[in-house]
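Here the protein sequences line up with chains A and B, keeping their order. 208 is the number that our numbering gives to position 208 of the first sequence; each next residue is one higher, with no gaps. 144 is the number that our numbering gives to position 144 of the second sequence; each next residue is one higher, with no gaps.
Derived by calculation from the structure, the hints in this document are not laboratory data. Beta carbons: idealized from backbone N, C-alpha and C, even for Gly. Any given hint could be a false lead.
Said to hold, decoys possible - Pairwise CB distance ranges (calculated): (1) A:330 x B:198: 24 to 34 Å; (2) A:370 x B:250: 24 to 34 Å; (3) A:345 x B:16: 46 to 56 Å; (4) B:255 x A:290: 58 to 68 Å; (5) A:330 x B:90: 56 to 66 Å; (6) A:341 x B:258: 49 to 59 Å.
Read off the chains here:
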Amino acid sequence: MHIDKRLVIEALEQVVLVNDHPAPAIFIQADGVVIQGIRIIQKQGGDESTAVSVQADGVMLKELEIRTHGYGIQLRDAHGGALEGNYIAWDRSQGPSTLGEKGNGIDLYKSSNNLIEQNVIVNMRDGIYLDNSKDLMIADNRIFGSRYGIHCMYVDGTEIVGNIGENNITGAMIMGVRDVIVSSNSFAEQRSNVNSQGILLYDVRDSLVEKNVLEGNRVGIYLERSRQNELSYNSISRNFVGMQFVSAEDNLIHYNDFVGNVIEAEATKSESNQLHQNFWDMAALLDLNDDGVSELSYAINPFYRNLITRIPAFQLFFQSPGIHFLSTMAEQDRQGWTIDPSPGMKLNMPRMDLDADADNNSLPEGTFLIIVASMLLLVSGLTIIYSRGSKE
Amino acid sequence: MMLSDMLLVAKKEIRIGFRNPWAYSFLILFTVFSLSLLLINARYEVSGYSGVTGSMLSLILYLLPLMSLFLGSFSLTAEKEEGSWNLLSTYPLGTSSFILGKYIGLSVVLLTILFFGYGVMGLASGMAGQNFEINTYLLFLFFSCGLVLLFLTLALWIGSLAKNRWQALTVSVMVWFFTVIAWPTLLIAGLGLFPYLWIKPLLTLFTLLNPAEFVRLFVVIKLGGGSVLGPEYYQWVNWIQGSSGSLLFLLLFFFWLLFSLTCVCWIWERRRARV
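Start from the sequences and build out the full structure, keeping to the hints where you can.
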């Protein structure tokens with residue numbers, strides 16, 4: 001379907017558009033087109049094959065349901081548009097496929113001032129891919145099982161707010177940007193891949209990363225070659241490594257919560273960052289003057305990170321009791337370490353309790369645990385009593 | 001080898017084991033320690049590989065090998081010191097029945113201590129309504145059992161070679177220190193002397209020789225933390241996470257048991273011939 005006139009297409013009932021050709025199912029070249037509520041099945045894959053292609057300004061795509069064997073929605077030189085409430089998923093009906101074959105869910109190139117809101121993207125390569133575009137608003141999208149949830153390359157002045165990413169390789173991959181706001185997103189369970197992260201920031205400047213929830217990732221926030229950013233009020237919990245800095249300088253990292261991570265933070269070649277009043281649950285804290293700030297500083301021991309940078313094979317020693325022993329021997333010389341001189345005594349952000357349905361699920365599991373535990377206790381008790389009581 | 005002889009030795013071992021105050025001190029130590037860890041982390045859910053499970057793993061790695069080494073090696077040296085082995089060796093009792101009986105008896109004692117500790121821990125967290133994932137709990141239980149049974153074979157080695165309890169104590173502490181605490185230090189220092197390309201294969205080989213280390217890695221991988229080991233071990237991790245990984249663990253486990261017990265039997269058989 002090629003649209004080159006200003007049209008409004010609105011599906012009143014179930015409308016399905018099946019496309020067997022590599023060309024886009026819908027190709028929009030007229031400004032101000034509105035399309036709403038259509039189901040699209042794009043059967044052909046291939047390089048740039050896409051379900052919807054937009055090359056015009058002010059286009060609005062709403063509540064589309066797309067199953068594709070290529071890309072989902074492509075915007076090229078398309079400004080001031082809006083993508084709202086769409087559902088985009090990889091078409092699995094043609095058998096399994098590798099990441100390399102897949103296309104991106106929403107793919108922007110040289111397309112500025114667009115709004116991407118409340119879309120759901122499942123099993124694509126990159127959920128939302130933004131390239132060479134400016135002043136975008138990416139809000140309240142949900143992305144699952146893809147390579148990168150949100151992938152930004154050279155997008156200045158963009159806001160990424162309230163998105164949720166789970167089980168992707170990396171939640172948000174943000175590279176080569178300035179003046180970006182990453183706020184109130186939640187990235188969880190990005191840990192199955194050896195390169196997984198919650199949020200990866202590479203060559204990022206003057207940006208704000210705040211109030212994000214990063215839970216159960218391999219690395220919560222990974223910051224490399226980035227300067228003058230502010231990271232605050234993030235809740236970083238249960239990750240293998242909470243935060244990792246590599247050659248990152250002059251960043252301000254404050255009021256973040258680090259809870260239940262296997263290693264809270266690692267830093268290499270990152271000496272001039274300012275850390276203060278973060279909450280580190282493993283830190284030894286002492287508040288003498290009752291101002292809510294510990295007088296004991298918290299230092300990030302770089303021993304293990306330096307070791308495996310030289311010889312990666314030693315990653316096998318991650319959190320080995322012996323490595324802990326060896327690292328503490330290097331505690332004396334703290335020059336060049338990343339240090340939080342004033343760790344907070346309390347959580348900076350209220351912890352969200354597990355939601356109600358999770359509690360319901362855990363109830364029978366809790367009883368099962370009690371049963372197993374009682375049986376173990378019973379067996380051990382009986383063994384002791386029996387062996388002590390028996391004569392000869 | 002007579003099965004009834006073996007069971008007799010095992011029964012006697014269990015009875016003596018529970019008269020031994022050491023067994024109870026370890027029982028209390030393990031229970032109190034695991035409860036305290038739960039208390040410290042009472043706010044958090046215990047599942048997957050996280051700070052909580054990481055610290056529990058460390059506790060297990062510190063305490064259980066030490067417990068197995070002490071109880072196991074003392075039991076064997078006691079036989080020598082108290083002269084009961086001299087007496088037993090005049091009876092028609094096979095050496096292998098004796099060693100296997102000892103091993104089984106000691107295993108029962110050690111596993112009872114574990115069951116008690118885990119029982120109390122599970123009950124406490126279940127009653128307190130803490131979110132302790134059952135799979136994680138069972139995984140920890142199984143791997144603790146594995147660790148104890150493997151270190152018990154090491155303990156039998158020590159008990160066979162040591163002349164008395166003092167020697168057994170010294171050697172046990174040494175073995176514990178080397179396998180649990182000094183292990184990375186030794187390997188980092190030692191492997192630094194080899195060419196770069198040799199490091200990974202050698203490290204893998206040495207890891208298979210240290211029960212504390214391979215048990216730890218299995219738990220970490222099974223808890224879903226395999227990706228922290230980095231791209232170097234990517235295929236390994238994927239493979240171990242599957243069912244073939246459990247099979248490998250079982251194979252390794254039985255190989256370890258078989259090899260050590262055979263050697264220990266051989267040592268005692270030689271001594272017996274000399275008596």
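To see whether the hints hold, each was checked on the structure:
1. Hint check: residue 330 of chain A to residue 198 of chain B, Cβ distance near 26 Å, so the stated range 24 to 34 Å holds.
2. Distance hint check: the CB atoms of residue 370 of chain A and residue 250 of chain B are about 29 Å apart, consistent with the given range 24 to 34 Å.
3. In this structure the supplied range 46 to 56 Å holds for residue 345 of chain A paired with residue 16 of chain B, their Cβ-Cβ distance being about 51 Å.
4. At roughly 59 Å, the beta carbons of residue 255 of chain B and residue 290 of chain A sit within the given window of 58 to 68 Å.
5. The hinted range of 56 to 66 Å is satisfied by residue 330 of chain A and residue 90 of chain B, whose Cβ atoms lie roughly 58 Å apart.
6. Look at residue 341 of chain A against residue 258 of chain B: about 56 Å separates their beta carbons, and that is inside 49 to 59 Å.
Checked against the numbered hints above, the structure violates none of them.
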